[in-house]
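Engineer: Numbered continuously in the working numbering, the sequence shown closes out at residue 345.
Source of the hints: derived by calculation from the structure; they are not laboratory data.
What follows is a set of in silico ranges between Cβ atoms, one per label pair, in the way DEER data are often shown:
id, residue 1, residue 2, range
1, A344, P48, 27 to 37 Å
2, S111, S216, 45 to 55 Å
3, D198, A67, 17 to 27 Å
Using N, Cα and C, we set each Cβ at its ideal position, and we do this for glycine too.
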Amino acid sequence: MVLVPVSWSVGHALTFTGGGPVSQRLAEWARDHYLGPLVTLGEWISYQPPKVGGKPAFALTRPSAATSKPKHAAAKVYPAPANLQPFVTPALPDEGDWRVYGTVNGQGAIYGTEMRASSLYSSYVAGIVSMNQNLVSFQLRPGAEDPGPGNWGGALDYLPLGTRSGLEATFNSGFKIASSGGGFYLNGGTAGTLTAGVASVVYYRDGHIAIGNWDQDPGISMSSDVVGVRQNLHLIVQNGQVPSSVDVNVEGSWGATLGGSYYVWRSGIGITADNRVIFVYGPALSVRELADLLQRAGAVTAMELDINPEWTDFMYYLPGTPPTPEALLPTQQQPADRYYTPASRDFTSFFAR
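Put together the whole structure using the sequences plus the hints.
Structural biologist: Written as structure tokens, this is what we have:
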């Protein structure tokens, strides 16, 4: 009789909408049912370390979206961010050079580029995005399983037809809330506990976001203007510097990775001094390399989001009815239309203002 509820539970995990591939669903179910050590052992056995040397599997020379002068003469013109200095020499063609992936009123709102973080693992490329908060508006979305059903003020766990007008991009959120060290808040509902000192993305009523230590940094606390909060671990860039803590107890402090390796898919988010939002993700990254990439892109405050290939993604959307999703990195595991159907984890979407 014990097998009946177990079978039902596993079956539910395997068939739940938005849960990802079978291997991912089984691993999530096992971790939720106190079988984490068994999953970790399996990951150790199957883990393949990053390849040393080599070149990326795809070219970094891709076209930009077209831009034009603003439609309204009074509109403020926002310059493109300065190109980034690559870490690895010699640099690849277009490495660190921004391309426009989204426009608003004819101006570049989303810029993207690729860059390698390591001369040792030189075939692995990270995607870097810079977003202008004056042109785009951010929204926190709940996940179907995490945080799951709740009082989220009508926010949906996907982007259904009829709600995609002006959609610019989407990206993954943080760890499972129970493992984040903090909590989740959206439109008056809460999952977990918002915890002082934990790195937090704060979503405001006017559509902008801020990042910092909850209840410690200016503006990073609850107010009537706050509509969402996503907490995850601790800052990996603070006051423009990368703290030494990124090198300490990497698996225990920064997430259980495949095979316990330091070098896995990671994602992170940061804010620049002029209030642009930076997103970085890619394969074979240590926590320090993720932080270094965020800092190189101009982030003065930044935090890690999720890790491992099943949970890291960035999609931009080409204009159309509906908008056509494209993955920033062709090597990401998740399909570009992931958020057009219910997602098991929470995520961020943003739209043209």
